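Trainee: For reference, the chains in residue letters:
Protein chains: 4
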Amino acid sequence: MTSAAPRIKVGIVGGTGYTGVELLRLLSQHPNAQLTAITSRKEDGMPVADMFPNLRGRVDLRFQTPETAGLEQCDVVFFATPHGVAMSQAQNLLQHGVRIIDLAADFRLQDTQVFQQWYKMPHACPDILKQSVYGLVELNRQKIAGAQVVGNPGCYPTTMLLGLAPLLEGGRKLVDTTHIIADCKSGVSGAGRKAEVSTLFSEASDNFKAYGVAGHRHHPEVAEQLQILAGQPVGLTFVPHLVPMIRGMFSTIYARILPEALDTDFQALYEQRYGTEEFVDVMPAGSLPETRSVRASNHLRIALHRPGGGDQLVILVAQDNLVKGASGQAVQNMNLMFGLPESAGLTQVAVLP
Amino acid sequence: MTSAAPRIKVGIVGGTGYTGVELLRLLSQHPNAQLTAITSRKEDGMPVADMFPNLRGRVDLRFQTPETAGLEQCDVVFFATPHGVAMSQAQNLLQHGVRIIDLAADFRLQDTQVFQQWYKMPHACPDILKQSVYGLVELNRQKIAGAQVVGNPGCYPTTMLLGLAPLLEGGRKLVDTTHIIADCKSGVSGAGRKAEVSTLFSEASDNFKAYGVAGHRHHPEVAEQLQILAGQPVGLTFVPHLVPMIRGMFSTIYARILPEALDTDFQALYEQRYGTEEFVDVMPAGSLPETRSVRASNHLRIALHRPGGGDQLVILVAQDNLVKGASGQAVQNMNLMFGLPESAGLTQVAVLP
Amino acid sequence: MTSAAPRIKVGIVGGTGYTGVELLRLLSQHPNAQLTAITSRKEDGMPVADMFPNLRGRVDLRFQTPETAGLEQCDVVFFATPHGVAMSQAQNLLQHGVRIIDLAADFRLQDTQVFQQWYKMPHACPDILKQSVYGLVELNRQKIAGAQVVGNPGCYPTTMLLGLAPLLEGGRKLVDTTHIIADCKSGVSGAGRKAEVSTLFSEASDNFKAYGVAGHRHHPEVAEQLQILAGQPVGLTFVPHLVPMIRGMFSTIYARILPEALDTDFQALYEQRYGTEEFVDVMPAGSLPETRSVRASNHLRIALHRPGGGDQLVILVAQDNLVKGASGQAVQNMNLMFGLPESAGLTQVAVLP
Amino acid sequence: MTSAAPRIKVGIVGGTGYTGVELLRLLSQHPNAQLTAITSRKEDGMPVADMFPNLRGRVDLRFQTPETAGLEQCDVVFFATPHGVAMSQAQNLLQHGVRIIDLAADFRLQDTQVFQQWYKMPHACPDILKQSVYGLVELNRQKIAGAQVVGNPGCYPTTMLLGLAPLLEGGRKLVDTTHIIADCKSGVSGAGRKAEVSTLFSEASDNFKAYGVAGHRHHPEVAEQLQILAGQPVGLTFVPHLVPMIRGMFSTIYARILPEALDTDFQALYEQRYGTEEFVDVMPAGSLPETRSVRASNHLRIALHRPGGGDQLVILVAQDNLVKGASGQAVQNMNLMFGLPESAGLTQVAVLP
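If you read the sequences in order, they're chains A, B, C and D. Count the first sequence with the working numbering and you get residues 1 to 353, in order. Count the second sequence with the working numbering and you get residues 1 to 353, in order. Count the third sequence with the working numbering and you get residues 1 to 353, in order. Count the fourth sequence with the working numbering and you get residues 1 to 353, in order.
Derived by calculation from the structure, the hints in this document are not laboratory data. Quantities reported herein were computed from a predicted structural model and do not represent experimental measurements. Here a beta-carbon is modelled for each residue, glycine too, at the ideal position from N, C-alpha and C. Heads up, some of the hints might be wrong.
What the hints assert, rightly or not - Think about it this way: if two alpha-carbon atoms lie no more than 20 angstroms apart in a straight line, the pair counts; the simulated SDA-like pairs of lysine to any residue are: (1) A:LYS9 to A:ASN92; (2) A:LYS42 to A:HIS83; (3) C:LYS194 to C:GLY84; (4) A:LYS194 to B:LYS194; (5) C:LYS120 to A:GLY308; (6) A:LYS194 to B:ALA191; (7) B:LYS120 to B:ALA214; (8) C:LYS42 to D:GLU196; (9) B:LYS130 to B:GLY231; (10) B:LYS194 to A:SER198; (11) A:LYS194 to B:GLY192; (12) B:LYS42 to A:GLU196; (13) C:LYS194 to D:PRO259; (14) D:LYS194 to C:SER198; (15) A:LYS120 to A:HIS216; (16) D:LYS194 to C:LYS120; (17) A:LYS194 to B:ALA214; (18) D:LYS42 to C:GLU196; (19) D:LYS42 to C:VAL197; (20) B:LYS194 to A:GLY308; (21) C:LYS42 to D:VAL197.
Claimed, not checked - Partial list, computed: chain D residues near chain C (C-beta under 10 angstroms): (22) VAL188; (23) GLU196; (24) VAL197; (25) THR199; (26) PHE201.
All chains, please: the whole structure from these sequences, using the hints.
Mentor: Take a look at the structure:
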């Protein structure tokens, strides 16, 4: 960290949730970022370190109202808000030359009808949406570098898209794309920092369950991106589950190999695809990734299996839902947008045990 | 469980919390109880098994409003409600000959001024309070058997009082009663089934903290009972802590042995005091009780230590906060009040692992 | 529990693991069982309650060596041992008229070559194996009632077989049986009470991972039983995962509905199949079972989903791996074998929270 | 991190435990350290990243035997070994000019008789022991800066000593030093990465217990240091407990204020004592520190309470047992010994949630 490094002025809207505190953790240690403002109408005046005691002595900011925070003077503003907030403030910020990274869903779905169906509100700025970029770096690096507005991917989609991309890109015909299954498991922090009975310790601990089987908001997001990747609609069954752990996401993806593709060296395919990626680790064939191996880090690990050597491909994907699945990926996007090294501020080694 | 056994008609007011579902679990398996009504104004009409899926196929009741539940026809009504509810309904039920067991604080404190100070409301029925009995069976067995209204003890007080009673009863001068320390630890279910950020899984898991150091509502309750036991005020420092486990309570109690009592055989004293108690287990000297050894059971275990053979007595007490610390003790009280075997419906072996 | 009830003399071989302590918990509360002997060569002389403190005051037995335990005088002996022990002692016990329930794998696989391949030892008594019965009550009730030797199913197979039976029985052609997927998740107690680094609290807590993807011993067991059910080989991909919870097992099963079966009322099919089963709960369509809803109980819950109304059937199955997945099922088998009510000793309500 | 910074060549002996992996995590991110060698006779040849998957892509070292590791060429060697190893190798390393930081107990106790009593072995190098320094930076900064051998404090002692130092230093007569109580709670990682039944997930999760009440090895260590601080023996009752969390340590310390010291401003005393300390945070009076607020960071937080304004002082101390309680403190010592900024490599913000 050298004093001569340029500092990007960063604002955060709505930093009272888990993606907010994770942004604060990462950005307060980022060599090229200067935390400038954080807003919360409800907590106006409160030091953020009073809400998030891990920041005591490290982050001096107080929550401010959006009106007084001076977000227009920032270089970039992260929205760690409920869905619908970023799109209502985007126009104004863009006019002031502020770049936007939204961690909610406002800029994830290009299809505004689908957006309205799932988020129960019309899209407020379809024009801006059209120019926005889906912020999955490993798929959209070039576009992100030039973007003014980035829609940061959902946590589940990140695992599914990176887990499936090598199979679908470039019109490859390797697996049956009509019936892909993604059995996904998330730590409880994915549900956010909202006071709800279902995520109380006494409800979620020592328990396992599926949820959202009938439909989850991340499904249309993945479907849209998979279609872009494959050049055609992809049939996906996506079942999320809740795991009694704080952080971590694990997706077990099942794809049936097409008869003509049975000789494919999938391991080589994945290694080649992600060989230069700093944050995607294709583990040796047959490996068993663990979520703790990426706890608090921006790495995502992939391992391929083909049980019995048959036609069923099993792809295991592990990430920290709050880092690569949210705030770390957002910082990675910021780095790209500002011409910084992609890993700036994201070099922490995962915490184990 | 024989069909000829007399059945007590039981009503539960406010069974949507953890003491409520624990009452339902215990009473639905009780050979002499007949669950008759359960009230929740908010959940009127909902099957209790929809809220508490462990009861599916075992409890057919639906929540009803207090007006329609017919509580006056019950033999006994348990209040698993916030503080203040039981005292507002006690008069009416008593007039109908219904006995009352309150799991909140309305009938725990004889000093109505102290009650008002801690619970921020005047006591609604001081006359009934005077005739009510503090429902700690091992201390008040006789009185409970004849009581119309029982104030079921708080979870922390149960451990502290049973842990200290043998030292203080009968005017014994064994320990310095001016500076007793109770360092207590509770599982998160003790905080109840309220939607609050501080008890979310992501906040309470993988964490440890003290709380209520400046003052906790159970302090005046213990103080009053200790004074009754000792015949004089007892100086107690009580510090509660939150443990990332669902159930379980552990109190480490420190008492300084008086010089003239250094030769006391404390182990024998405790064994003698609790020798005939079914639910208090004085373990061999030097034992290390674990909360899991009483998980889901009504047993409380005590072990005595005297590190280095000196004058510091360390008393370890473990219980399940929802059973002996709440609903199990309430059932134990019911058994006494209705002349049943004290352990009726309370014979389940603790669940381990 | 009436004193006149007949008492079955029960022996347990190797009760130092989790299935052992769970058998002790269940049998010590069983109205018709009399715990007679428990063996452990290593712990000879130790009171079982010293190893399992939940049994203090409830089980007085001490571990004995097999030689001194008098197992031949028992009516039934449970083997809660490593694979290979039951088959070495079966002959002798059977000659004394003792019935056998093995919780390990010795009597699960009829194909002795497959047994040898997975368990690295030849089968010691193929003749006895041939007469033994696979102890999944809901599939083999009649045979179990007359069996001398029962191979108690593995925990994973129980969920997969009960989850799939209605689709496969009777030669039904409802789903594509060449590519069924079972994504299964188990609590850590499934790994047993062995001192191993990988299941230490600091390794398994706050973590999620798959294991045994390349092959798991329960796979041949399920395959054999599925073939019996379907009358033909069934193609199954089975991926087990480890969940940071003590008890509980959850299987998410994916089956593709055949075009000609798209109109099937699967919910009705399952409800009809299991309508009279006391321990299998087919929940209303679209339900979301949770493992905690069966914690410490013998119930298994199933819920059916058909996301988007398409051709992908998703079957959710939850059980307690130590009860319905092991010791509870073993007691259910014992009840059948001795003409007792199937639920004798298995009526405890699940513990929640 | 500038390339021009001097690099200290670091060796680690026995890095297969939790203090080992934590050293690797911290040192691999340290701007002035160069991980040079790590030894494990048992794991000779294994990449450390295979044992600790969080290090994949970050640490390339392989375990080596002590003979081949070239420890004599290091600038400093950390011993993350069982007790007794460091003292057997110290002489040789010192002769080669290598400095030593031992994370075990070999250089914690100056009294070799006490050492032998607790660790069941004679001390191998009393001469080196005499010149070694107890590595609690905030108490011994000067001495550590000039030390060749540092005995890194135990985790419990760190909390007790820093929690009590301001009360005892300089011959202050503020509290009754004959009866101080330290009720301490540790996460399970404190028990190390040894395969033992008692720290299995299924044993330690959802449970709470005390242990070592009759005597714990950290007791003589604290006693010796407290005597140095106070200039006289201090009477301490120390009771450790096991908390179902991976990391974190919390000590609740009770000291009775002497009558003549009742007017002391303890808050000011502590703030003054630790005002310039980077890693000791005296929180505002009445604060409630949480272990998660220091998870994976080198900070230790202290909060003072005086319940009811009486004569009982309650000191709450929270740290991460693996960082400030072990490996972080060891790096802090290294920084001092080599003239680096004390916080070099220790600036990570705590991970929350």
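Trainee: Go through the hint on D:PHE201 and say holds or violated, using the shortest Cβ distance to chain C against 10 angstroms.
Mentor: Hint on D:PHE201: holds, closest Cβ of chain C at ~4 angstroms, below 10 angstroms.
Trainee: Sort out whether B:ALA214 lies within 20 angstroms of A:LYS194, counting only the CA atoms.
Mentor: violated, 27 angstroms
Trainee: Is the hinted pair B:LYS130 and B:GLY231 satisfied, with a Cα-Cα distance of at most 20 angstroms?
Mentor: holds, 19 angstroms
Trainee: Tell me if the straight-line CA distance from A:LYS194 to B:LYS194 falls inside 20 angstroms.
Mentor: holds, 12 angstroms
Trainee: Please work out if A:LYS42 and A:HIS83 have their alpha carbons no farther apart than 20 angstroms.
Mentor: holds, 17 angstroms
Trainee: Given the proposed pairing of B:LYS194 with A:GLY308, does the C-alpha separation stay at or below 20 angstroms?
Mentor: Outside the cut-off at roughly 49 angstroms; violated.
Trainee: Holds or violated: are the alpha carbons of C:LYS120 and A:GLY308 at most 20 angstroms from each other?
Mentor: Judged against 20 angstroms, a Cα distance of about 19 angstroms means the pair holds.
Trainee: Have a go at the D:VAL188 hint: is there a Cβ in chain C nearer than 10 angstroms to its own Cβ?
Mentor: Since chain C brings a Cβ to about 4 angstroms from D:VAL188, closer than 10 angstroms, the hint holds.
Trainee: Regarding the pair D:LYS194 and C:LYS120, is the alpha-carbon distance no greater than 20 angstroms?
Mentor: Violated. D:LYS194 to C:LYS120 sits at ~28 angstroms, over the 20 angstroms cutoff.
Trainee: If you draw a straight line from the CA of A:LYS9 to the CA of A:ASN92, is it 20 angstroms or shorter?
Mentor: holds, 17 angstroms
Trainee: Checking hints one by one. Is D:VAL197 an interface residue toward chain C, by the C-beta closer than 10 angstroms rule?
Mentor: Nearest chain C Cβ about 5 angstroms off; hint holds.
Trainee: Regarding the pair D:LYS194 and C:SER198, is the alpha-carbon distance no greater than 20 angstroms?
Mentor: Since the Cα atoms of D:LYS194 and C:SER198 sit roughly 10 angstroms apart, the hinted pair holds (cutoff 20 angstroms).
Violated hints, in rising order: 13, 16, 17, 20; the structure is consistent with all others.
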